[in-house]
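K.L.:
For reference, the chains in residue letters:
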Amino acid sequence: MTGTTAQATAAAKVSALQAALRAENAAVYGYGVVGAHLTGTALAAATSDWIAHQVARDSLEAMLRSSGSRPVAAAVAYRLPHPVHTPAAAMLLAVTLEDKVAAAYLGLVALPGAAIRELGARAVIAAAIRAASWRGKTVAFPGFAAGALSPASR
Amino acid sequence: MPADRTRRAVLVATAVSLPLLAVSGCKGVGALAAPPSPAPDVAVLRSAIAAEEVMIARYDAVMTRSASLAEGLRPLRAEHRQHLAQLRSRLIVPPGSAAAPPSPSALSPSGPASHGQVPAGQASHGQASHGQAPHGQAPHGQAPHGQAPHGQAPHGQAAHGQVPAGPGSVPSGAAAAIPFLQAAERAAAATLLHQLAAVSPSLAQLMASVAASEATHVAALTAAGGTGQA
Numbered sequence: 001m002t003g004t005t006a007q008a009t010a011a012a013k014v015s016a017l018q019a020a021l022r023a024e025n026a027a028v029y030g031y032g033v034v035g036a037h038l039t040g041t042a043l044a045a046a047t048s049d050w051i052a053h054q055v056a057r058d059s060l061e062a063m064l065r066s067s068g069s070r071p072v073a074a075a076v077a078y079r080l081p082h083p084v085h086t087p088a089a090a091m092l093l094a095v096t097l098e099d100k101v102a103a104a105y106l107g108l109v110a111l112p113g114a115a116i117r118e119l120g121a122r123a124v125i126a127a128a129i130r131a132a133s134w135r136g137k138t139v140a141f142p143g144f145a146a147g148a149l150s151p152a153s154r
Numbered sequence: 001m002p003a004d005r006t007r008r009a010v011l012v013a014t015a016v017s018l019p020l021l022a023v024s025g026c027k028g029v030g031a032l033a034a035p036p037s038p039a040p041d042v043a044v045l046r047s048a049i050a051a052e053e054v055m056i057a058r059y060d061a062v063m064t065r066s067a068s069l070a071e072g073l074r075p076l077r078a079e080h081r082q083h084l085a086q087l088r089s090r091l092i093v094p095p096g097s098a099a100a101p102p103s104p105s106a107l108s109p110s111g112p113a114s115h116g117q118v119p120a121g122q123a124s125h126g127q128a129s130h131g132q133a134p135h136g137q138a139p140h141g142q143a144p145h146g147q148a149p150h151g152q153a154p155h156g157q158a159a160h161g162q163v164p165a166g167p168g169s170v171p172s173g174a175a176a177a178i179p180f181l182q183a184a185e186r187a188a189a190a191t192l193l194h195q196l197a198a199v200s201p202s203l204a205q206l207m208a209s210v211a212a213s214e215a216t217h218v219a220a221l222t223a224a225g226g227t228g229q230a
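Chain order of the listed sequences is A and B.
Throughout the first sequence, residue numbering follows our numbering, covering 1 to 154 in sequence.
Throughout the second sequence, residue numbering follows our numbering, covering 1 to 230 in sequence.
These are calculated hints, taken from the structure and not from any lab test.
You may find that some hints are simply not true.
[Unchecked claim] To give an idea of the chain A side of the interface with chain B (calculated C-beta under 7 Å), a few residues: (1) Val55; (2) Ala110; (3) Ile116; (4) Arg117; (5) Leu119; (6) Ala121; (7) Phe141; (8) Ala145.
Just so it is clear, CB atoms sit at the ideal spot from N, CA and C, and this is done for glycine as well.
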């Protein structure tokens with residue numbers, strides 16, 4: 001019984017880590033597109049964020065390998081959520097990428113265990129800070145879909 | 001005079017016995033209903049709710065004193081109100097359950113019954129009543145540092161001068177208000193992070209999201225301050 005529970009917990013952890021890795025892989029690809037349409041300080045910010053996602057990807061892959069799992073591979077290319085031909089569209093893509101990354105890391109926060117929850121929460125915070133920077137404003141519930149947690153009153 | 005004293009005694013007796021009636025009266029229902037939130041969630045939720053109430057009171061105080069900041073701060077305060085509403089919606093305590101901590105009204109036993117509805121942090125509005133540090137709110141995380149404030153202050157007692165215990169300690173100048181709010185946001189986020197392990201998965205996710213929102217407020221406050229203070 002305990003063994004079954006432990007197996008289920010381990011499987012849930014691997015699944016959440018793989019989901020976070022998929023989001024990071026998409027972000028690494030996506031920031032390449034973002035950076036291609038930006039210049040100056042915006043390009044510098046995109047480059048910095050791109051590197052942050054590569055570091056996070058490496059860290060997730062290492063965690064998965066150390067638990068005996070094979071990390072999911074990045075796709076060769078990703079379908080963009082919208083056409084990106086302008087700096088504004090590039091920044092919008094960065095927001096979308098960060099929102100998806102934050103949402104994925106919220107999956108780690110739902111796992112049992114203080115360390116993995118804190119790791120997930122810190123990643124949600126980092127993604128939220130980057131998203132707010134690209135968005136130009138903050139949101140009440142980073143990582144949750146817009147409106148998902150809005151109160152009944154409007 | 002004796003008649004007046006008698007009446008007062010009756011009033012006091014009523015104020016005291018009402019909560020007891022409420023508790024015992026609802027026990028039967030509470031025993032039948034399944035508790036919606038596990039006990040650790042209730043305790044953490046209450047401290048998170050108190051922290052959001054104090055944060056909103058701080059924004060209120062700053063916005064009242066510094067009209068120049070009010071517009072920039074309004075969206076951030078609105079997000080705190082969303083946090084508060086969402087946290088409150090998760091708090092469904094079976095009446096009379098053992099998990100229920102002392103209600104705020106217990107702080108002022110001689111006060112009217114409606115006192116129980118006033119968030120502890122707002123009691124000190126206007127007057128900086130240091131002796132009346134809000135017992136009801138979590139002592140953790142009120143310190144203006146990102147680190148874990150465990151053990152920094154005696155339990156339930158704000159270290160006067162160091163810790164922004166409530167809106168009463170909000171600095172008056174607009175220049176000082178921004179760093180004050182930033183410190184409060186950082187501390188609030190850090191407190192939420194330290195409480196993640198104890199709660200249910202869905203509450204942990206909400207708390208992580210709220211912490212992330214508060215973390216983004218730090219940079220937003222710099223922008224709202226206008227002059228680009230760190």
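K.L.:
So which hints don't hold here, by number, going up?
P.N.:
Failing hints, ascending: 1, 3, 5 and 8.
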